[in-house]
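Assemble the whole structure, with the sequences as input and the hints as a guide.
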Amino acid sequence: MTQELTYTADEMMTVAASRLLGNNMFCFVGIGLPSAAANLARATHAPDCVLIYESGTIGTKPKRLPLSIGDDELAETAEVVVSLPEIFNYWLQAGRIDVGFLGAAQVDRFGNINSTVIGDYNHPQVRLPGAGGAPEIASCAKEVIIVLRQNSRTFVEKVDFITSVGHLTGGDSRQKLGISTKGPTTVITQLGILTPDPQTKELTLSSLHPGVSLEQAQAATGWKLQTAPELRQSEPPTSLELEALREIQSRSRYD
Amino acid sequence: MTQELTYTADEMMTVAASRLLGNNMFCFVGIGLPSAAANLARATHAPDCVLIYESGTIGTKPKRLPLSIGDDELAETAEVVVSLPEIFNYWLQAGRIDVGFLGAAQVDRFGNINSTVIGDYNHPQVRLPGAGGAPEIASCAKEVIIVLRQNSRTFVEKVDFITSVGHLTGGDSRQKLGISTKGPTTVITQLGILTPDPQTKELTLSSLHPGVSLEQAQAATGWKLQTAPELRQSEPPTSLELEALREIQSRSRYD
Amino acid sequence: MSMAEITSLAQAVDALVQDGDKVALEGFTHLIPFAAGHEIIRQAKRKLTLIRMTPDLIYDQLIGMGCAQKLIFSWGGNPGVGSLHRLREAVEKGWPSPLAIEEHSHAGMVNAYVAGASGLPFAMLKGYIGTDLPRYNSRIATVDCPFTGEKLAAVPALNPDVTVIHAQQADRAGNVMLWGIVGVQKEAVLAAKRAIVTVEEVVEHFEPHLNAVVLPSWTISAIAVVPGGSHPSYALGYSVRDNSFYTAWDNISRERESFLAWMEQHILMSKQPSLTNSI
Amino acid sequence: MSMAEITSLAQAVDALVQDGDKVALEGFTHLIPFAAGHEIIRQAKRKLTLIRMTPDLIYDQLIGMGCAQKLIFSWGGNPGVGSLHRLREAVEKGWPSPLAIEEHSHAGMVNAYVAGASGLPFAMLKGYIGTDLPRYNSRIATVDCPFTGEKLAAVPALNPDVTVIHAQQADRAGNVMLWGIVGVQKEAVLAAKRAIVTVEEVVEHFEPHLNAVVLPSWTISAIAVVPGGSHPSYALGYSVRDNSFYTAWDNISRERESFLAWMEQHILMSKQPSLTNSI
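Protein chains in written order, with our numbering: chain A, 10 to 264; chain B, 10 to 264; chain C, 939 to 1217; chain D, 939 to 1217.
If you are wondering where the hints come from, they were derived from the structure by calculation, not from laboratory data. Just so you know, not all the hints are guaranteed correct.
As the list claims (entries may be wrong) - A partial selection of chain B residues facing chain D, derived with a Cβ cut-off under 7 Å:
#, residue
1, Q102
2, A140
3, N160
4, P219
Virtual Cβ for every residue (Gly too), placed ideally from N, Cα, C.
Right under this line is the structure:
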């Protein structure tokens, strides 16, 4: 009889996200949840995954999770550090990035990301930090993976402001903008995994994390949630994954 | 009684050219005659003249004249070495250069430079090396000084090919191209010094080197040579100038 | 061009930053010129157009103290912590004064600095595609490739009146070297009419570092020696990031009163960097 | 992306250079990849579009040996010596085969590589103003600034099939470092589909140099260790420029017969760099 592991919903989310990164992939990593997942991947199944942060640190191997995009640890453990014009033009815009790994304040039914403003732009209800590198990561990386906590305020029918384009209004509307990259291929939350329908590009539920019900997922979604043809259950974190994640996080306290 | 110094026409030319460079000037230097004159200026009256070669060497202080634009001596004695995109974009195009110091295969009545081809472009009589950095030096440096040996083949009414624009067809035709820099302000040869007429922009003779007659200058010019209102005689090289020039050249034998 | 003068920070700010200037303080998380920003606050410069890719605590302070009338930026937050309360209150409620914003993406800002450093009137990039930013920022336009017809985004060049950066070292000739995460500082300095650099120290000769940026003396107007001048950010090789201060700022800055009291005590009454955190 | 493979020069050229390719050998006077060019000659690659800012002796040799059908360049000469006789004879008389030329200025070429490295379809610059180059090169166009109306020159991006460079060092992971005059090599490599690098030596760790360029392993297809591989140009820290060879080339290359005899003896019959000139 194997012992049941206990883990949090956030841990499940991070582990599920980490599994999507393959070895040798070039991954442009956002700070926060994406950074945790990417470094977990590097600590487990993808030791040669190349992590790139927008501060210009390429092939960085931090031992603790960076609090900011430009922590000294990122520079000191990088294969090479380049200037911002180089990272955005010679690396991102040039199409060298396999996966853009993004967080978001809000995501909508078609995977568009809002990190700019809640409410009207000129009279904001909540002013968010803004775009940063995300708009060009979303259009230039070969594909985009989004990780965020899901609730009815973060998963909305339509974002108030498109900071970074996903599948726009669905169907082929993204391609019609002249973008040839895939856009969001997976959205991972603490409840499950969503993937765009191949035709409509609407985000559909393709996996539920253990112990999460369809009703819970629907309640945390601002549109009528469809399920993918095969709704799977996510594999729970292995003890190896959990151990590695907790080890990383224990090295990353900043107070 | 002072002893008469003997010197060659080429030495007179180089000395006359060197005198035009002021201390602290930023000078973008072509290889060959301009390089000799610029380094003579640095060895005599303009020790803080900042020499920039298109290889990206800024503030370089070579002890011997470089045979090529990228000699190791240029890199090793430079204040800083930058890449080619930086030297052309961040330094030349950005307008940081006071003087562009150029050689030429041919120059015409309005100071346009040909270093591309003699005869028809598609069926050349003589194929020359081509533009290099000169077209943008000619338009982006605040002013341009040209140094070349004068004869009826190098000083022509109209160049076969405008590689680097001078005063185009004279008058305000240069400005009408949208260029705000001064263009060629002086042409120095082994016979004398030419400057553009303030109105017509035609190159006129403003100084003859000692021992050179007006007739000799006219014979070496492919158009009817006008003299400036005040035709001066160039000061002969001083013993200091000659000594410095010969010292530089004695360090610069390449065989 | 003339060489950089080594002077005091107070003199440099007094001589080179004027009310109404477009001022860029750059440093991407690393080498943020906090001390110079504090001096701008102490000298009560007004109506500045503040430019910075990542306005963080120092811009929260400048904005909260009423120095700015406009902000050009691409990401405004307290990295890893949350919102900038002073920036938000200025944008949302106009306190202490209304703040106009011109908002870009990082790629747009970076290329605008590159264009400024290159003497070009604008920059182009594959950018802003499908985003709502151009709807609210008329300074994002398009340009067509004359060979392929491809439509590209265009943004006007950034040419600050003054750029301010912090670097690790200057040499006696007034050249400046920075290393580690070098950001967009080279371009921000070269794009500016004037440049102020604070440094950790002056050295006889630069020891090489991989990926070091050397700014020749002629590109800089004034250098001031201010050890710890990037605190609470850091200077690689000299200090570490004071993450606890970034966390503490969230509370300090949340209310106007606590913010003003902190600024009074730690910045206005001080002539020195308020805190140091050397290795 | 995958990492660079350390292999022989012959294997690298065989695997990565195909007949008909657009091939850029870069190195601005310094670090010119002569040995790699010689291997391309030995392997009798044909119908290449050769790209290089400053075609000098190595391109004279490639052209004279019939490898090229087109040349994209901005200055073609024997630096400090004079003309390239083989290039001239190809352009003027079509020997050994006709050579199409696409001619730019240095600034145009540099920016075309930058655009290529940046994934942009074209580059813009304040360039070619008032020159006759656009009359004979239809790949020089203009673009208007959408903000100021200023007219700028535009050139298409350069994206070679293969870029070949020589560098001082590689490390065991296949990263490459060059220093001294670094030219446009970083951009030429990043703009290319494939890249071959010859190096003086493989080291355990890179010692930093001011202004060094480090090309990560992932940007390079193959690395070959070829000490002296830039002779008669030089590798700063390893060799000096063999100026006497540049001077001698003027005579060697003047006549077809003397040229072919020299190539036969020194290049075709050799598997090694024909001459070395170490410090």
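Each hint, compared with the structure:
1. Given the 7 Å rule on beta carbons, the hint for B:Q102 holds: about 5 Å separates it from the nearest Cβ of chain D.
2. Nearest Cβ of chain D to the Cβ of B:A140: about 4 Å, under the 7 Å cut. The hint holds.
3. Evaluation of the B:N160 hint against chain D yields a violated restraint, the C-beta minimum of about 18 Å exceeding 7 Å.
4. For the restraint placing B:P219 at the interface with chain D, the shortest Cβ-Cβ distance is roughly 30 Å, beyond the 7 Å limit, so the hint is violated.
Violated hints, listed in ascending order, are 3 and 4; each of the other numbered hints is respected by the structure.
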